[in-house]
Amino acid sequence: MTFRYLSVCAVAGLLLWARAGHAQQLMGPVTGGTISPPVAVPAPANGLQISDGATLHTGVTVEGGYDSNVFYTDSGAISSPILRVTPALDLTNVARNGEVPAGLFFDLRASLMYREYLSSNSDVTRLRAFTPTAAVVLEHNSTGALVLGFSDTFSRLQDAPYAPTGPLSDIIIRDNNLAAAQVRWSPGGGRLQGLLRLTNMIDVFETEALKPANSMSNEAMLDLSWRWLPKTALYLQVRQGYVFYLNDRDAGGLIDESTTGARKKSASYPLRAVVGVRGLITEKTSVSLAFGYQNAFYATGKNTGGFLGSTTAAGELVILPLFSTKITFGAHHDFQNSVIGNFFYDDGVYASLAHQAVSRFIAQLWLAYDHKRFYGLPVGEPNPRIDDLLQATATVDYYLRPWAFAGLSYTLLRNDSNDTLGGPTASGASYTKHQIFARIGLTY
Amino acid sequence: MTNQAREYQQGMNQVVTHIHALEETARKQKDIIKLNCVMDKEVQAKVNFGIAEQAFTALQENVARADEGGRTHEFTRLTIINQKVMVLGAEAENCIGEDLSFVGATRVDLDIDPNIPRDDPTQPGVPTTPIDRPPAASTYM
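These protein sequence lines are chains X and D, in that order. All the letters of the first sequence, read from the start, carry residue numbers 1 to 444 under the working numbering. All the letters of the second sequence, read from the start, carry residue numbers 1 to 141 under the working numbering.
In isolation and in its complexed conformation, chain X is listed as follows (with noise of 0.2 Å):
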């Protein structure tokens, strides 16, 4: 997917859904459902012409709810009621009439949400929060053969501390840069297709008790695909990564430092490869099937290893049954790099359905279950922590005029774990949160 496609889709915003503080990750070559923030997407009809070809939409989002669960507990939950307000703008050459242009396309985004909880608990009010986020997304493509992509993302996250009170009360905030520049080329009829990518991500936490989990990743990808159909290919897929640490705290309440001597977070050089297929297999119907080696490569302490830990896999397959309504199933089978311990396995399933009626109604359920098994956690706590986090979102909106919106959503998080943390008070083990909203969006 080239970056453009990011704003297409995005322009469509049938697809597209935020949970509130949580995104899926991709899962390595396949999309693992979708993610968005939670701002009005503007009809590209819409907008101020500031120049030739130039389009700056604006929008605001407000949103009314209630969060069951604040502090991720599984037993004293306490709840309260948000206020979410989204300012947004958009500055792309994208047409009036949706088309992207041919050479040189830019998509400026920025937001801001103000969330403020409507509560009488000076606990829960002081996690009044602004999270803003920008991005900037370049594409040119010169000749069609060869076509250079930049892209950047920031944002600043805040969400709820691990205890209401005493040491483990600050609130967690979260500066995090995902940067990427690419370079696709598709000589002659564009059935030979290679893709390298950089990536360069900051992650970068305010709270005290993370800082040492501060990092960098580096990951250089190299995509080479075969069309074998039009649009349906075969792939080789190697993603090289290097993680490191910002700085040299204690991570003791990170890592396991007893068995590893070391008093830092480790870095490593994962590496994946995979063959595979995507593309479309009828009409209605594509899939993106990987498998793989993989190998996270750290310094020090639990590594991955076995056949199963040396092995990935994702599969998705999607289904347009209709004009307007998309159909995902995945699976997937993967390592991630985690701010706790050293890494977590991840297997997971997914599904999601998305539905549009008369151009006016769209909704959509998403649904995702992963099993999670972290390693490398300091002594004392389990080895391999495991936790089961299910997640379910369902939201309709419905477009009054094509510049204002009304809509409702739930968001359901469910997550079981082995680690007790000292009781059933302790936040980020076993939890159930609710959430819902209320939402009305004006765009131009």
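Since the hints were derived computationally from the structure, they do not count as laboratory data. Check before you lean on any hint, since a few could be wrong.
Cβ pair distances, simulated, as ranges [to be verified]: (1) D:G11 / X:G98: 21 to 29 Å; (2) X:T325 / D:T57: 43 to 51 Å; (3) X:Y398 / D:A66: 25 to 33 Å; (4) X:D152 / D:V43: 46 to 54 Å; (5) X:V62 / D:I51: 27 to 35 Å; (6) D:D119 / X:G189: 16 to 24 Å; (7) D:R65 / X:Y398: 27 to 35 Å; (8) D:V43 / X:L112: 40 to 48 Å; (9) D:T57 / X:A438: 46 to 54 Å; (10) D:Q4 / X:A45: 28 to 36 Å; (11) D:V87 / X:L112: 37 to 45 Å; (12) X:V349 / D:M86: 53 to 61 Å; (13) X:G98 / D:T57: 39 to 47 Å; (14) X:Y444 / D:I51: 31 to 39 Å.
Computed from a predicted structure; not experimentally measured. Each residue gets a CB set at the ideal place from its N, CA and C atoms; glycine is no exception.
Following the hints, position chain D against chain X.
Frame of chain X, contents of chain D only:
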């Protein structure tokens, strides 16, 4: 509409360039009858091309103003001028007897079944930001 107008402009520019090349050919042949004929077409083509540029500028202004009527009017002007220039190009070729030998650039028309999805599912996924809330690791963190 703007893209189509831009294509018209490029096409007209190619025709004017081609007529100029024909003029050079007639000069080399030292055939005054052919030369006069081609120059006559060239002058007309250039005048029309100038009008087309004005119409294109007006079209962009109307697009910026979201003036639907004005935009359609200017686009219609451009379409007519484009046809005139194409005819002048053909007439210039007739002047030196090239009408049968010049067939223009190869054009490929591509029809895609509307049931086929427009996006390209053969492209790899884009990188995303992992922004999950990190789980607590220990009670003494």
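Output the numbers, in ascending order, of every earlier hint that fails for this structure.
Hint check: 5, 8, 10, 11, 13 fail, others pass.
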